[in-house]
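Mind docking chain Z on chain Y? Use the hints.
Protein chains: 2
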Amino acid sequence: VGIARRQQSVDQARALELIDDGTMDLQEGLREADIVVLATPVRVIIRQLREVAALMAAGSMLMDLGSTKTEIVQEMALLPDHVHPLGGHPMCGKEVAGLEAANPAIYHDRTFILTPLERTSVESLELGKALARAIGSRPLVLDARRQDYLVGTLSHLPYMIACALVATADATTSADSAAWDIVAGGFRDTSRVAGSDVTMMMDILWTNRAEVLGAVEAYQQQLSELGRLLSSNDEAAMRRELSRIQAERIRMFP
Amino acid sequence: VGIARRQQSVDQARALELIDDGTMDLQEGLREADIVVLATPVRVIIRQLREVAALMAAGSMLMDLGSTKTEIVQEMALLPDHVHPLGGHPMCGKEVAGLEAANPAIYHDRTFILTPLERTSVESLELGKALARAIGSRPLVLDARRQDYLVGTLSHLPYMIACALVATADATTSADSAAWDIVAGGFRDTSRVAGSDVTMMMDILWTNRAEVLGAVEAYQQQLSELGRLLSSNDEAAMRRELSRIQAERIRMFP
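Keeping their order, the protein sequence lines are chains Y and Z.
Count along the first sequence starting at 1, add 1108, and that's the number in the numbering used here.
Count along the second sequence starting at 1, add 1108, and that's the number in the numbering used here.
Chain Y extracted, bound-state conformation (with noise of 0.2 Å):
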């Protein structure tokens, strides 16, 4: 059952066969549900958790599919003893938004991070867990700052450093025409996330600002010492290094 805030949404999502039934009436929509899976841009999930949890079946689940969750586990754990909440956070994405754009596919062979409370049950968590296999993900249990703090370095980082490469063409080259034309592979690749929803990363990038924070000063620094041996004439040094980040590439993706 898919709950929208428009009947166009309700519509399409019936259209194009993504739910069994749809609603715009959040109590109507809860009413019956043994799982809730709420999957908005992280502020509205904290906004909403205690609105849906007040309206859901005794004994029934709470999850979401917030980027971000220590700020969502904490309002989490505020919620009434009748529901069992339970973080998620599926490590795929698309840049494209939109009810066209979905693709169950995008799960697949993922790692899907689920965050128990202090108070999610070990059969609340083992129904996380199942749900995230049944789409072909691989559930990781996770505490929520130390998702956060992985996260923000290996997911919001990136959105940071593809904007501000955007922002740099932006403020530079794109005032030559020709660099319409040149602009390749490594710079499309590099961008990319920088093409995401806003919404969705302004919510994320603000409930997880230390983190990211941390993590583009640990970039600058990295970034520099990197400028620094370019700069230098110590080429063997250089080498070294980029040899070093070359193969730790390719250890991270084989």
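If you're looking for bench data, these hints aren't it; they were derived computationally from the structure.
Small disclaimer: the values here were computed from a predicted structure and weren't measured.
A few of these clues could be false.
Short, incomplete list of chain Z residues facing chain Y, as computed with Cβ under 10 Å [to be verified]:
| # | residue |
| --- | --- |
| 1 | R1296 |
| 2 | G1303 |
| 3 | I1358 |
If you want the footprint, here are the derived chain Z segments under chain Y, 3+ residues with CB under 8 Å [claimed, not checked]:
| # | segment |
| --- | --- |
| 4 | 1216-1224 |
| 5 | 1244-1252 |
Take a look, some chain Y residues computed to stay more than 12 Å from chain Z by CB distance [unchecked claim]:
| # | residue |
| --- | --- |
| 6 | D1133 |
| 7 | K1237 |
| 8 | L1331 |
In this text, a Cβ means the ideal position worked out from N, Cα and C, and glycines have one as well.
The following block gives chain Z in isolation, referenced to the frame of chain Y:
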């Protein structure tokens, strides 16, 4: 006719039908060539230009495929009069080296930069354009310095960025075993070019140092500004900047 340093490469290229004939003997390979195309790392091209030109027939054309052009073109200007030099740089590439990875399709629909010298005749430039078109590319004639400035930001900067990202993850999150399960699509794309051949990249960076260092500096300023917006409480300003960047990314890659 392919010329390589090792017999194994010649045999392999022949077996893969990448060449009609091959040799390790420079003189033999060059004797009857109308067009000679150097396709090695940039500083090997620079080192070999004079030796190659001396063995070429009168009136034949000497091209290269190096990613930086200013130093190559400077060296080409000093070649004997009997050869016609022309700088070339196809905007495509792969993170996998070796003959097994050879694929003619990588040139399709890509820009092929040509950097003529003062001495390059109209005839030679037209021949270079025809060659680019014959492999499915779009020729683009540029001054060597202008090309080096543009690719400094659009191609070499993405490499530096990707390397710094891998180095950051290596220095911080990689100590956590969960990081390896989390590393997802965004990180993979943003870091892809960090897997590039180090010898090739060393030559590119060292023959375009001023432009790359300038691009890194401009980039650091853009990233610092994004960090400043994130650490401020001015969400509206950050949203405007990210929206502007998103629109620019979509304009670059519609």
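Which of the numbered hints above does this structure break?
-> 8
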